[in-house]
Amino acid sequence: MKKEDLLHLKGVSVLYGGVKALDKVDVSLRRGEIVALMGPNGAGKSTVLKAAFGLAPLASGQVMLEGRPFTPVVHEMVRRGVVLVPQGRRVFTRLSIEENLEIGAYFLKDREETARRVEEALAFFPALKKKRKLKARALSGGEQQMLAIARGLVAGPRALLLDEPSLGLSPKIIKEVFAKIKEINESKGTSVMVVEHNLKSLLGIVDRAYVLDKGKVVAEETAEGLRTSGILERVFMGKLET
Amino acid sequence: MTKTDAILKTKGLTKRFDGVRAVDDLSISIAKGKVTSVIGPNGSGKTTLTNVLSGLAEIDGGCVVLHGTVTLKKIRPFDMPSYGMARTFQEVRLFEQMPVIDNVLVVLTERSVFGALFERHGAFHERQAEEALKKVGLWEKRGGLASGLSYGQRKLLEIARVLAVSAGRQMDIIIFDEPFAGLFPKMVKTVSSIIRELRDEGRTVILIEHNMDLIRELSDHVIVMDSGRFLAEGSPAEVLERRDVIEAYLGE
Amino acid sequence: MEILSQLILNGVMAGALYALMALGFNLIYGVTRFFNLAHGVLAAIGGYAFFTLSKMLGLNIYLSVATGVAIAGLAGYGFDRLVYSKLRKRKASNLVLLVASLGVFTTAQAALSIIFTSQFQTLSETAGQEALSVLGGVVTRTQVIIIFSSLASMLGLAALLNGTSFGKAVRAISDDEEVARMVGINTGRVTGYVFFIGSALAGLAGILVGFDTGIQPTMGMGLLLKGVIASIIGGVGNIYGGVLGAFLLGLVENLGIWMIPGEWKDAVSFLLLIVFLVFRPQGIIKR
Amino acid sequence: MKKTFKALFGVIALISLAAGCSKSGKEAGEANIIRIGSVGPLTSDLAYIGENMKAAVELASDEINSAGGIKGKKIEIIYEDGKCDPKEAANAANKLINIDKVTAIIGGLCSSETLAMAPLAEKSKVILLSAGSTNPGITNAGDYIFRNVPSDSFQGVYAAKYVRTKLNKQRVALLKCLSDWCLGVNDSFKAEFVRLGGEIVGEEAFPQDSRDLRGQLVKIKAANPELVYFVSYTEGTIVGLRQMRELGVKAPVFGADAWSDPKIWESVKGDGDGAMYLEPANKAYPEGFVDALSKKTGGKEINVYAPRAYDALKILASVMETAGTDTVLIKKGIYGVADYKGIADNYTFDANGDIKNADYSVREVRGGKAAGAK
Amino acid sequence: MDYILHLATLVIIYAILGLSLNLVVGYTGLLASGHAAFYGIGAYSTAILTTSLGVNFFASMAAGIAASAGAAFLIGAVLSRFDGDYYALVSLGFNVIIYSVFLNWHGLTRGPLGIPGVPRPALFGMDFSSGVFFLALAACFLALTFLAARFVARSSFGRVLKSIREDEKAIQVFGYNTVYFKLAIFVISAGMAAVAGSLVASYINFVDPSSFTVMESVFILAIIIFGGLSSLKGSVIGALVLVLLPEALRFAGFPQAIAAQMRHVVYGLFLVVLMLYRPQGLFGEFKL
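Residue numbers (numbering that gives the first Met the number 0), protein chains in the order written: chain A, 0 to 241; chain B, 0 to 251; chain C, 0 to 286; chain D, 0 to 373; chain E, 0 to 287.
With the rest of the complex left out, here is chain A:
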């Protein structure tokens, strides 16, 4: 384990109904980097995030935060500086955009600080700013996804876990979303772990990537390696050797 590791899954296995969704996986997120998790459907990418967040019970292995092992409990993760933005634009549709953002900083008891962070997040996503009083169900899919990310930002995370942020978004929006992610990463030093099938969009922003297949890590690549090794095509064609 390296010193700069912020979040580290060490030999983690997860069982779903007797089937190994993750099999002794070793994945880490270092300070300030953007890491991608890639692989075909059912490879266990999302499960990695869930395991780190307490949403999937560990059959074996450990999760470490800043070098210390701990048991992830979902509602305590935000306080610890780890935020998960779940798949599928899950915003609180019956709450207004502003309220969605305020909820993101639920653990903060300081109202002024919350308001400041909400403004900051809105400034980050001008599209949301105009609609701040609207109910979130009135937003388009792309806006909802941005709202979900913005909600995560309000918590001021050290580690941001994004599960398929581009799902169901148009290419233009996807570009925007990833540009924002990069911006967050650079301006705040937030570490990002992202599960993504839209691999090409990631190329410009990721520092490192893990390739998973059938619950196992089959490759770990640097940004450079991703471009040159042809691993992306192999993932797409399903030609990974396990």
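Hints listed in this document are in silico derivations from the structure and should not be mistaken for laboratory results. Please note that the accuracy of each hint is not assured.
To be verified - One side only, chain B facing chain E, incomplete, derived with CB under 8 Å: (1) Met79; (2) Ser81; (3) Glu95; (4) Glu118.
On a predicted model such as this, the values are computed, not experimentally measured, just so you know. Even glycine gets a Cβ: it sits at the ideal position worked out from N, Cα and C.
Position chains B, C, D and E relative to chain A; hints supplied.
Relative to chain A, chains B, C, D and E alone:
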């Protein structure tokens, strides 16, 4: 492909969820007696398409044409067999608290209330169920509850259910929604040979799948969807080489 | 004319009590998604807590009301901790929770009968209350207090839900429990508080019923069914809807008496429910 | 299936064995005891009446036993809960008759209890003496079935006559709860009142457990009657009288004998002033009786049926003093009771096992207390 | 001995009710909470037809079955639109409505006065008024009901019912119009409940509305939840235990005033503990 071979066509088919167009003005046609794969990135609307075709999601616009003659604007789920269709589910929908064999037998009974109540030709059905279960290798497990099966076995049981129902009757169109996901290599082999057999019997197979190797291996024709819309179609070899298809998957 | 306005007033009064039941029921339903049948017995618990404090121990009336309401709230909170939260953790289905709540209801109601006997008790001391005349009908001071409390509870609850971070958490859980946990809300704890608040409202309803008519251990089921019907016809999970539904139910019942003999009142309210479920299942206000 | 039935019959056999043992155990060495059952609602809506009656029966049996019992034998009362539900009453009677081998049963209160027990008592030749069931249907329920409470028809007729002729009211509205007793009294009142040339201007009913009569009262108010004849038990009466006052129903109210429960007048305070009701014409209860019963119940309330329950056991005891424990003889003895002076009434039984005379007095509430009407 | 015969008869009547309700709740997964309504329709049919029209008991039972099934058909047509909590609530609502009819349709039911003097059956000169014979008769009807329920449960129809319980949408896709199946089993179950109703009316010789309240429905539900959902054996054992338990409590030496309430406490705790630790009941195959 000429128009006459199309056993199933969609015309401007649309399905919305909360303002998101999961299937958007989709017009495709499925050739009779072939394996047609529908592919596309996550969230491109493939599963929604299967749900619309099987009546589990209402049609919001457009229609489905069967055998070139029957035009459907509204599909009720229990009409599926009368249209000659059967399907499996991506998120495995078994009758959990029932024995494995009953999961198969139940789909073979009379469809009418009185028919089912007084039905007594068990032996014939049991043979059909036995055959289907043996094909997927679950015959030994027939007595146990479905909930006791492993994930892969559960997927296989779904397939056995469809096999049994199509064996006795003229089920022309069989939809497999990600049948291979989460299967071990041996099971993958079983399922792909089942699909091939079905096609050889002259049935039409619609296959939703992610694994490109399997698609290449099994399908006669590939239709690509993206964001609910039709993107491309053609033989597996040509479609999978296309720039726009790869981009749809990998992003620009 | 006088009759009509009196019937309307009666309807409003009945509606105010139903509204209190519907508010609490709806609040709990919104967060937990199960039909909490034990909600009814909490009204009786509130009523008897007040009865014990005020009439048997001679405590100050306002203090007794406050304590009675709090005791009902605590009882509801306790039921959640002891039974429902355990079942929820096990991801038990709604029906399991419903049957369990029926068990809680039966046990608690029988316990009340054992402690307090089945005797009917009136809570209000005032005899021959001066009645206020409104639009040709009359209402008593107690009834004015009931209507006021009911509206105040609704407004208070609305303020709590919309104005505080706790309220936001409650609404977030009603919206998507899993994501609420992900953003750092201890949903188990918030749900416990919701049980407290909703049950306290039921307790208040019980005390008010006691002032208006009287209390009996068996009073819960009837009140609960009215509250549930009100919630559903108003729009389940929506607090304003529940209140609207409650007043509609109160009015229909009381105006219905004009046409149909009074003994059919219960049947009328269920017919109203069934008509709504068949023709407008989402209720007056959709969530 | 075989297993199921095996299990079923196994358990039944086991219980019969247990019951048999307990029975034989009781019989041995207890020959000096006469067992008598008592059935009434000890839970449910009418439990407050049932509890009161139970105390009265207890009082009577204490008195009998302390005076040396019946022919030297002590009596033992076994109380069972009839819940005002026919099935429950049948369960209770069955247990009393077959397990406890009672000679007689005092009860039930609700006519549904008595009617359900009647065939069982008749078949086993056990005396059934009800101190509270007033349904006319009981008159012909059987040879062994008695009651020392007048049938509903007496009181309805008496009230109708009083209202029509003495009070000279012409237009009357009826308000009744939905129970056998309420309906019985109400219907006999109605028939007699109409026969006497009166007019029923409104008739409203409410479920026995309903506590909101406002709708019904609004309609009655609109009918503008000269008097409201209101048949209800304690709870319904309390809320009904209050709500009448609230809604400004000005017509005088006339009630049935259930209103002799002092709890009503304590609860409604001044709201009951002016109300009148019937009470069986009894001499004032003896001082000692009221005190002794209050000691048993821990409260002052003495409802109308309690003294009759007390009388019922006393009548039974006096008959058994000569007839012994043979129920055929006891039955004959009860038919022969004439002008027995109880504390609630003077009883003479007719050939149907009902009491012959029914005399009432009218009470009027003033200043929160009931007193004889002027 | 008569007491035992009496209890055995009651157990049998409740076993019939349990068996019939289990077909809907246990096999089909619909939480029907208004079974007492159909029980009552059976009881009133026998009471009315035998007392005022002098109809033979067996004919009155047949009429009761028909009336109950007819009512169930109409009610079921509405109910089949619902599932889950709403099904429970609406079926309970229908119980309240039918109870109101029993209570308020004086011309037919005599309302709260009830109908006394319901005769015991007689057939070909055989008189069932003695306890033993009535028990035998009731046992015959239990056996018939059990066989009928087993026939239904083991038929293809029964298998479809179970699959509706498990995943209604999935079985629909295989061509079953589940609404008809739900309606059919509801009607069958109501008809069986009417058998129990006819028996109880004739056995107690008296019928009044108090026996057919929502609480009675809840009691029948408790029987099958305790005995086990989707288990015919469980229905019978459930009836046995829950009917005998309060009788046993008579001998338990509780103070009288508490005994009956203690019975409710015991039921309530039963339900809670069952849901917590064994949601499928004693012999159940199916968890709610």
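Structure-based check of each hint:
no.	hint	in the structure
1	Met79	holds (5 Å)
2	Ser81	holds (7 Å)
3	Glu95	holds (6 Å)
4	Glu118	holds (4 Å)
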